[in-house]
Amino acid sequence: MTGTRPKLAVWKFASCDGCQLSLLDFERELVSLPEEIEVAYFLEATRGTLDGPYDLSLVEGSITTPEDAQRILEVRRNSRRLVTIGACATSGGIQALRNFADVEEFTAAVYARPEYISTLESSTAISANVRVDYELHGCPVDRRQLLEVISAFLNERRPAISSASVCMECKRAGNVCVMVAHGTPCLGPVTHAGCGAICPKFNRGCYGCFGPAESPNAPALSARLGQLGMGDEQISRVYRTFHAAREPFLTESESHEH
Amino acid sequence: MSTDPAQPTRTIKTGYLARVEGEGGMFIRIRDGEVADVKLEIFEPPRFFEAFLRGRDYSEVPDITARICGICPVAYMTSAFNAMEDALDVDVDDRVRALRRLMYCGEWIESHALHVFMLHAPDFFGFDSAWTMARDHAEAVEGGLRMKAMGNEILRVVGGRAIHPVNVRVGGFYRAPSRQDLAGLVEGLEEARELALRSVRWVAGIDFPDFEQDYEFVALRDPDRYAIEDGRLASSSGLDIGADEYEDHFHEQHVAHSTALQSRMKDGRLYFLGPMARYSLNSGQLSELARNAALEAGLGETCRNPFKSIIVRAVEILYSFDEALRLIAAYEPPEAPAAEVEPHAATGFGWSEAPRGMLWHRYGLGDDGSIAAARIVPPTSQNQARIEHDLREFVRPRVDLPDDRLQWECEQAIRNYDPCISCSTHFLNLTVERS
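Sequences listed follow chains H and D, in order.
Heads up: the first sequence begins at -11 in our numbering, then just goes up one per residue.
Heads up: the second sequence begins at 27 in our numbering, then just goes up one per residue.
Excised from the complex, chain H in its bound form (with noise of 0.2 Å):
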């Protein structure tokens, strides 16, 4: 019976551990979560390890040091279906914001023996690395559409998760537009649904935590922003946090700098 089930590791690189720990706030579904899965590799959760290869892999965090750039090539190597999950595996992470300075002089501000940092000079998304089967989004992921994601490649279908904006959840949650009722600048008209609009919930505008939508359009979105008072440094600021790597999210940021 064991040998049928099917293998699951959860890696993990440069991140904060949010969204694998999400893993661990499911209740009945973790306490039989075994009866389904063999958790073959989840140091987080246990010391038991087991050899790949495995049949799916979890991957957290972005690739930022050169061990870690080596690493992930393994780990694509010994699974079949390889799943990034959050904003630092599908995009680089709020780490990425290394890309558009110096890390040399970043070590420095930090660390006070530069020398012992060994450390690339840009985080990169795993899909910049390896091959990837799927991209779940979110900072950090949604615990519903991980389990989705999970049961969906163990039973060999795609995930049934919408790539559409926040604007569509909002709107279906019946939320008020904080934009239009308010003047709130918010990023849910580009910004990926699977938070559940939470942020306009709370009377706030969305601050882009799930990253870009399937083909939004953020120029339209940043004339907007501009028409709300927002100055071309807080535009670019807004496109450049957890997702500053991803097009198009990079891309605008760059072309409201000054």
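Calculated directly from the structure, the hints in this document are not laboratory data.
As the structure is a prediction and not an experimental result, all values here were calculated from the model.
C-beta: ideal position from N, C-alpha, C; glycine also.
A few of these clues could be false.
[As the list claims (entries may be wrong)] Footprint (simulated), chain D over chain H, 3 or more residues, beta carbon under 8 Å:
| # | region |
| --- | --- |
| 1 | -8 to 3 |
| 2 | 9 to 18 |
| 3 | 80 to 90 |
| 4 | 140 to 146 |
| 5 | 230 to 244 |
Dock chain D against the given chain H, drawing on the hints supplied.
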């Protein structure tokens, strides 16, 4: 790796420590029956938060620093807004402060429940993971997950979501919950409080290794309550300082053979942060229910056995449920969810008690409120030298144990601290010499 205890030099090494947050390893060398070297190795790649925060607006800092840690984002947000409100002289409504404390209780619950039931307890019962432990201890594991879920639920209702809450801003919240919103939590919290009480008894029944150290405990203290979201810093030897004085009393140093910046007190002493420090300095301020449960579990007024930190965490979970229910019963929505904030050039200091210990932030702001300088000192980097010292002391009487047993017990001695390596923006990636 040597496997014969009679060999003159043995190396006990764990490449990647399991059941800790983030990536680190352990390295111990024993020569002629003596501990020659102990290192907690850190592979967590540097992410440079303090560097890329420069030039960002002060208002963005809570959301950005939250991304340092997915287990304790509220701690990062809180230390950040405390620092900004200090810099910009913001007067925050007490009702907003009460909501912040409620949200922080949610984080203590989810983080402690994760550690107690998923990461720490399996060691004591000889299991690799909570899944394997659940075969024999189903009620405890399911109860732990229920408590964790209720901690997350507090975070969801007050903060919008459990990981990286969206409702937090400098000055307060974007929207304050209604009384009804919070009332919806009460029944679940009351049930979970019962589970917490039972779990204190469960962990009290563990057979603990005999290992006590003479720690210098350091934790926040508040005259009116068990310090969580703010306070002054106290210690076993009578320290009493504000956040702006932190750098006068503590410093981080680069030791060539260390894997990280090591924090020490200015006089060179090591110190200990986290639940056991809080309990030992402030246990008199726990609620009656939590205090009695601690006494019944065999804790005195202080606790010096780090393996028993599992009991202290269980007591703090119980306290957090009690405190959350008290805060909800007393809740009045604030007139405005957030205070007005006027940016100007200033320096601000802020801290709070993250689940694993005090987290300190300092920011320098320009005229327009942009960040000119940032410094963050996370709890695990402050505890790191203390962890290595514990390991050294722990191994000494156990050098004759077989390697695999010694390795597991040493890993456990590290897990006592609930180290959060992802948090440790200061940790370095060093190559350690190996013979």
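Against which earlier hints does the structure fall short, listed by number upward? Hints 4 and 5 are the ones this structure does not satisfy, whereas the remaining hints hold.
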